[in-house]
Amino acid sequence: MIATRALYSDVIRERWRRPRFRGELPGATAVAEDVNPLCGDRVRLMLRLDGVRIVAAGFVGDSCAICTASADVLAELVVGRPAAEARAVAAGDLLAVLQADIRPTRMRCVTLPLSVLAQALNGGGA
Amino acid sequence: MRLHEITRGDFPVLGRVVNGHPLVYLDSAASSQKPRTVIEAMSQYYARSHANVHRSIHTLGEEATELYEGARDRVQRFIGAQSREEVVLTRGTTDGLNLLADALCAGLAPGDEVLITEMEHHSNIIPWQLAARRQRLALRAVPVTGSGLLDLDALDRLLSARTRVVAFTHVSNVLGTINPVAEVCARARRAGAVTVVDGAQAAPHLALDMSLLGCDFYVFSPHKMLGPTGIGVLWGRRERLEALEPTRGGGEMIKEVWLDRAQWNDLPWRFEPGTPPIAEAVGLTAAVEYLEKLGMDRVGEHERALTRQALAGLAALPGVRVFGPPASVSRGAVVAFAVEGLHPHDVAALLDAEGIAVRAGHHCAMPLMHRLGVVGTARASFSVFNAPDEIDHLVRTVADLRSVL
Ligand SMILES: Cc1ncc(COP(=O)(O)O)c(C=O)c1O
Numbered sequence: 001m002i003a004t005r006a007l008y009s010d011v012i013r014e015r016w017r018r019p020r021f022r023g024e025l026p027g028a029t030a031v032a033e034d035v036n037p038l039c040g041d042r043v044r045l046m047l048r049l050d051g052v053r054i055v056a057a058g059f060v061g062d063s064c065a066i067c068t069a070s071a072d073v074l075a076e077l078v079v080g081r082p083a084a085e086a087r088a089v090a091a092g093d094l095l096a097v098l099q100a101d102i103r104p105t106r107m108r109c110v111t112l113p114l115s116v117l118a119q120a121l122n123g124g125g126a
Numbered sequence: 127m128r129l130h131e132i133t134r135g136d137f138p139v140l141g142r143v144v145n146g147h148p149l150v151y152l153d154s155a156a157s158s159q160k161p162r163t164v165i166e167a168m169s170q171y172y173a174r175s176h177a178n179v180h181r182s183i184h185t186l187g188e189e190a191t192e193l194y195e196g197a198r199d200r201v202q203r204f205i206g207a208q209s210r211e212e213v214v215l216t217r218g219t220t221d222g223l224n225l226l227a228d229a230l231c232a233g234l235a236p237g238d239e240v241l242i243t244e245m246e247h248h249s250n251i252i253p254w255q256l257a258a259r260r261q262r263l264a265l266r267a268v269p270v271t272g273s274g275l276l277d278l279d280a281l282d283r284l285l286s287a288r289t290r291v292v293a294f295t296h297v298s299n300v301l302g303t304i305n306p307v308a309e310v311c312a313r314a315r316r317a318g319a320v321t322v323v324d325g326a327q328a329a330p331h332l333a334l335d336m337s338l339l340g341c342d343f344y345v346f347s348p349h350k351m352l353g354p355t356g357i358g359v360l361w362g363r364r365e366r367l368e369a370l371e372p373t374r375g376g377g378e379m380i381k382e383v384w385l386d387r388a389q390w391n392d393l394p395w396r397f398e399p400g401t402p403p404i405a406e407a408v409g410l411t412a413a414v415e416y417l418e419k420l421g422m423d424r425v426g427e428h429e430r431a432l433t434r435q436a437l438a439g440l441a442a443l444p445g446v447r448v449f450g451p452p453a454s455v456s457r458g459a460v461v462a463f464a465v466e467g468l469h470p471h472d473v474a475a476l477l478d479a480e481g482i483a484v485r486a487g488h489h490c491a492m493p494l495m496h497r498l499g500v501v502g503t504a505r506a507s508f509s510v511f512n513a514p515d516e517i518d519h520l521v522r523t524v525a526d527l528r529s530v531l
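Going down the list, the sequences are from chains Y and H. Per my numbering, the first sequence starts with residue 1, numbered consecutively. Per my numbering, the second sequence starts with residue 127, numbered consecutively.
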């Protein structure tokens, strides 16, 4: 049996199998997409804002379990928050929810959704 | 006796335990491991003979020069080059391809064409893109067929009177395809184009003979063939090298210098400015010696058997897709594969938890990934030290993967 526990927490496995925020978001008002140059992973984040607050979020893309789980957790964390507060979400907040010991080589998998969020809130991206 | 029974004891790293398991190193296509003779030759050199080459009239300087130039002679024989002047030592495949793209494209006119292929490594794409932008050249690519081969009919259609350079890989680092170098070069020559072959994935596995390949330039990286990082080989047909203006200047590459002009040195030093990778040349000699002692035919045979075993084993697993030509076609020592429902990075991370090192991602071949319709793949690759039971271990572990994440 492969020692997955050490690599992927239950949260990551659960979010990889059944992400809650994966899918297109109709009526998105802020969208951005970026690629991890190391592995080619791609994440597109879609947000719907009511002026100040993020009222809905979704993501699509080709990404590994860690990146997918990170995007899913990020979407959950930002929904309901004002944009300024969402911007303050940091890698540490995601890691706290993911409950995983992420190796340095895979930290970019955790942080890619964060940089996509920043681009979306700055009105950049696709 | 199978080859790995002879070689395994020569590779100190194979004694390592990784994540509680004996290391199974299946990433030699990215960079191979090193036998003790290579490691010791380099440390002996630093411990006893190090000095700069070509310019020091003292005992150590002469020893270092002899060792450095000795590597050139060794490589000349290894690849069947006509003369030592045809062997330029660079910093690697990427370095050699950049040198060639710069020098070959410098004299081209806007609208001239460079032809590459859809299965190239980025290091045989980007240097041509840069040159094409600079000189306003047209860059075109020969497509790959559904079975992972170069589309030779398309090659004929793409070759034109304006094609100046055809640059392509000998062996694909993803598909394992062995391209028909002599055939492609013959067609390119008829169109009047210069040919550049990326031999990074071929030199470690195939017996090479430059007089049979029919190309004008051939480049490869010793670190993928049991040698050190930081050194590369660029072979060029003498008349082609003679016709090439150097694009990089510095010490060693000149005969005489005035403030406003200089006279270039003879071949091959004309293309080797600055202090070269001397210890790495010593390691290169030891790597070539090691491979020659085993015999390249035997090396190739061993790796082909491992490749066939991995292809058959992985292709038989439900939910696993293998890429590249069918097993009946002779292939290089790589097997790229995908596991349904799993991202390649997770495949590699899960295998690593079992001590198995494979590469995952786009393999520096993003255009090929686009062609295959995937973000990336996992890839196992093989060398002289790999054993059949390691392939079995890989296949068994991959079979378990889908249930764990
Ligand atoms: C086909 C091919 N070409 C070029 C390269 C680049 O080699 P290097 O990184 O040693 O310059 C590689 C290896 O990464 C390769 O597999």
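Read the hints as simulated data drawn from the structure, not as lab findings. A portion of the hints provided could be inaccurate.
[To be verified] Incomplete in silico selection of chain H near chain Y, CB under 10 Å:
1) Gln255
2) Leu256
3) Pro470
4) Asp472
5) Ala486
6) Met495
[Unchecked claim] Restraint ranges, calculated between C-beta atoms of paired labels, are given here:
7) H:Arg434 x Y:Glu76: 42 to 50 Å
8) Y:Pro37 x H:Arg434: 54 to 62 Å
9) H:Val144 x Y:Pro37: 39 to 47 Å
10) H:Asn145 x Y:Leu38: 15 to 23 Å
11) Y:Arg17 x H:Arg262: 49 to 57 Å
Yeah, the Cβ is synthetic: ideal placement off N, Cα and C, and Gly gets one too.
Evaluation of the provided hints:
1. Because the closest C-beta pair between H:Gln255 and chain Y is about 16 Å apart, greater than 10 Å, the hint is violated.
2. Nearest Cβ of chain Y to the Cβ of H:Leu256: about 18 Å, over the 10 Å cut. The hint is violated.
3. Evaluation of the H:Pro470 hint against chain Y yields a held restraint, the C-beta minimum of about 8 Å falling below 10 Å.
4. Proximity of H:Asp472 to chain Y holds as hinted, the smallest CB-CB distance being about 5 Å (cut-off 10 Å).
5. Interface hint status for H:Ala486: upheld, as the beta-carbon distance to the closest one in chain Y is roughly 7 Å, under 10 Å.
6. A hinted interface residue such as H:Met495 counts as satisfied when its beta carbon comes closer than 10 Å to some beta carbon of chain Y; here the least separation is about 7 Å, so the hint holds.
7. For the hinted restraint 42 to 50 Å between H:Arg434 and Y:Glu76, the CB-CB distance of approximately 48 Å keeps it satisfied.
8. Look at Y:Pro37 against H:Arg434: about 34 Å separates their beta carbons, and that is not inside 54 to 62 Å.
9. For H:Val144 and Y:Pro37, the Cβ-Cβ distance of about 26 Å falls outside the hinted range of 39 to 47 Å, so the restraint is violated.
10. Against the hinted window of 15 to 23 Å, the Cβ-Cβ separation of H:Asn145 and Y:Leu38 comes to about 21 Å, which satisfies the hint.
11. Between Y:Arg17 and H:Arg262 the CB atoms are about 51 Å apart, so this pair conforms to the stated range of 49 to 57 Å.
Of the numbered hints stated above, those contradicted by the structure are hints 1, 2, 8, 9, listed in ascending order.
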